[in-house]
Amino acid sequence: MGVESLAVMKRIPLDPWLEALEKALKTVRQADSAEGAHDFRVAIARLRVWLTLGGWHLLDDDLKRLRDSAARLRNLDAQLQEQRPPEALAQRWRGERERERQIFLRSLERAPTGAIFEVLRELPAVRRKDAKKTVARLAQKALHDGPRAVTVKQLHRLRRDLRKLRYAQEWLERDAGTLSKAQDAAGAVVDATIALQLSRGDEAPAFRSRKRNELDLAREDARKKWRGVRGEIQGLAR
Amino acid sequence: MKLYLIRHAIAEDEPRDEDHLRPLTDEGREKFEQAVDGLDALGVRIDKLLYSPWLRAVETAELLSKLVTGETQVCAGLAEAPARAVLAELKGDPVALVGHQPWLTELLALLVHGSTAEGARYELKKGGVAVLEGDPRPGAMVLQQLWAPKVLRKLAR
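Each protein sequence line maps, in turn, to chains A and B.
Here my numbering is used: the first residue of the first sequence is 1, the next is one more, and so on.
Here my numbering is used: the first residue of the second sequence is 1, the next is one more, and so on.
Some hints could be false.
[What the hints assert, rightly or not] Here are some, though not all, of the chain A residues that point toward chain B, as calculated from beta-carbon distances under 10 Å:
{"#": "1", "residue": "Phe207"}
{"#": "2", "residue": "Leu215"}
{"#": "3", "residue": "Leu217"}
[To be verified] Simulated restraints, written as ranges between beta carbons of each label pair:
{"#": "4", "chain 1": "A", "residue 1": "Gln91", "chain 2": "B", "residue 2": "Arg137", "range": "42 to 50 Å"}
{"#": "5", "chain 1": "B", "residue 1": "Val142", "chain 2": "A", "residue 2": "Asp130", "range": "38 to 46 Å"}
{"#": "6", "chain 1": "A", "residue 1": "Ala31", "chain 2": "B", "residue 2": "Ala41", "range": "51 to 59 Å"}
{"#": "7", "chain 1": "B", "residue 1": "Ala41", "chain 2": "A", "residue 2": "Arg11", "range": "34 to 42 Å"}
{"#": "8", "chain 1": "A", "residue 1": "Lys153", "chain 2": "B", "residue 2": "Asp47", "range": "26 to 34 Å"}
{"#": "9", "chain 1": "B", "residue 1": "Thr25", "chain 2": "A", "residue 2": "Gln30", "range": "36 to 44 Å"}
{"#": "10", "chain 1": "B", "residue 1": "Gln101", "chain 2": "A", "residue 2": "Gln91", "range": "28 to 36 Å"}
Keep in mind that the hints were calculated from the coordinates and are not lab data.
Glycine included, every Cβ here is placed at the ideal spot set by N, Cα and C.
Based on the provided sequences and hints, a complete structural model is requested.
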């Protein structure tokens with residue numbers, strides 16, 4: 001193996017997820033699908049973690065704004081797909097979803113997407129050595145937040161920690177299966193909370209009662225999954 | 001508002017296929033890190049940092065990011081001759097722009113004199129900073145300081 005090949009192996013290029021973001025951006029602009037906003041947000045979240053691994057601070061704000069612009073649309077998509085709302089509520093959400101989609105498309109027109117892509121294409125690949133150090137830091141953050149994660153807000157913070165750690169592991173081509181499950185469990189808490197925030201007591205009492213029960217169970221499950229993944233994270237923090 | 005116009009630090013000058021891909025040299029990075037320490041010593045903080053998408057400006061802006069208290073934003077308009085689109089982005093206080101010559105001093109001239117034509121009167125070295133104050137519209141700002149990078153490095157603690 002040549003010196004150049006070894007140098008390439010020691011670096012992590014962002015190409016796969018940059019291409020995924022370009023594809024997702026094209027999809028959300030051209031078609032209306034529930035997966036579009038999701039894929040768009042996932043690609044951005046993965047690229048933000050890549051920037052963190054490389055020690056970049058700059059583009060994070062630009063990507064965060066871009067990701068946040070699809071947040072409400074994605075919330076409504078997730079609720080409509082996964083939370084089984086009664087028809088009257090689903091109908092209201094579909095109306096809101098259409099308005100949110102238009103807001104999202106307008107914000108995309110204003111966003112400096114061309115310049116963001118230009119910068120991302122220019123950035124040098126991240127050094128694996130630097131990335132591994134950052135993984136340890138991300139693991140320490142999760143270990144700080146995990147034991148304190150009791151309320152919905154705290155569990156939401158833990159979910160973000162786990163997501164970043166999982167994506168960081170995946171950038172390093174390491175297994176992140178357990179982290180992914182723990183992230184999903186914390187995500188179920190957030191999803192049930194959003195279902196309650198987006199519905200009113202007078203329009204869906206049975207639905208809200210079901211979501212409150214699900215929220216209690218999801219909190220327990222998220223805590224359990226956290227305890228299950230804690231040892232693995234302690235290993236990453238060293 | 002206060003506006004800092006900052007030229008990118010010393011970059012590789014070897015010819016490349018694409019000018020926008022020229023990175024900072026090790027020397028340029030090191031010297032600008034010291035200049036940032038000088039800005040820090042002067043108490044400079046940045047509420048909004050706009051930067052050109054060209055690599056040498058991105059790397060320069062990254063070195064400045066420790067002075068940023070607000071947000072950062074890539075701005076395609078900083079990689080071309082000054083246009084009104086850039087002026088529309090000047091919200092916050094203070095704002096810093098990281099860009100290229102001759103466009104930065106053309107922007108300086110536009111904001112101070114109302115016309116880009118006067119830009120050639122000013123010299124802004126690589127890693128240098130111009131400080132303006134006033135309303136961010138043509139002819140409505142005053143040039144307060146023109147800091148050479150060497151001066152900023154001397155101020156570094």
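Now for the hints, and whether the structure bears them out:
Proximity of phenylalanine 207 of chain A to chain B is violated relative to the hint, the smallest CB-CB distance being about 38 Å (cut-off 10 Å). With 10 Å as the threshold, the beta carbon of leucine 215 of chain A stays out of range of chain B, its nearest partner Cβ sitting at about 33 Å, so the hint is violated. The interface hint given for leucine 217 of chain A is broken, as the beta carbon of that residue sits about 39 Å from the closest beta carbon of chain B, more than 10 Å. Look at glutamine 91 of chain A against arginine 137 of chain B: about 48 Å separates their beta carbons, and that is inside 42 to 50 Å.
For valine 142 of chain B and aspartate 130 of chain A, the hinted distance range of 38 to 46 Å is satisfied, since their beta carbons lie about 43 Å from each other. At roughly 53 Å, the beta-carbon separation of alanine 31 of chain A and alanine 41 of chain B lies within the given 51 to 59 Å, and the hint holds. Distance hint for alanine 41 of chain B and arginine 11 of chain A: a CB-CB separation of about 35 Å, consistent with the stated range 34 to 42 Å. Taken as a hint, the range 26 to 34 Å holds for the pair lysine 153 of chain A and aspartate 47 of chain B, whose Cβ atoms sit roughly 27 Å apart.
Between threonine 25 of chain B and glutamine 30 of chain A the CB atoms are about 43 Å apart, so this pair conforms to the stated range of 36 to 44 Å. Hint check: glutamine 101 of chain B to glutamine 91 of chain A, Cβ distance near 58 Å, so the stated range 28 to 36 Å is violated.
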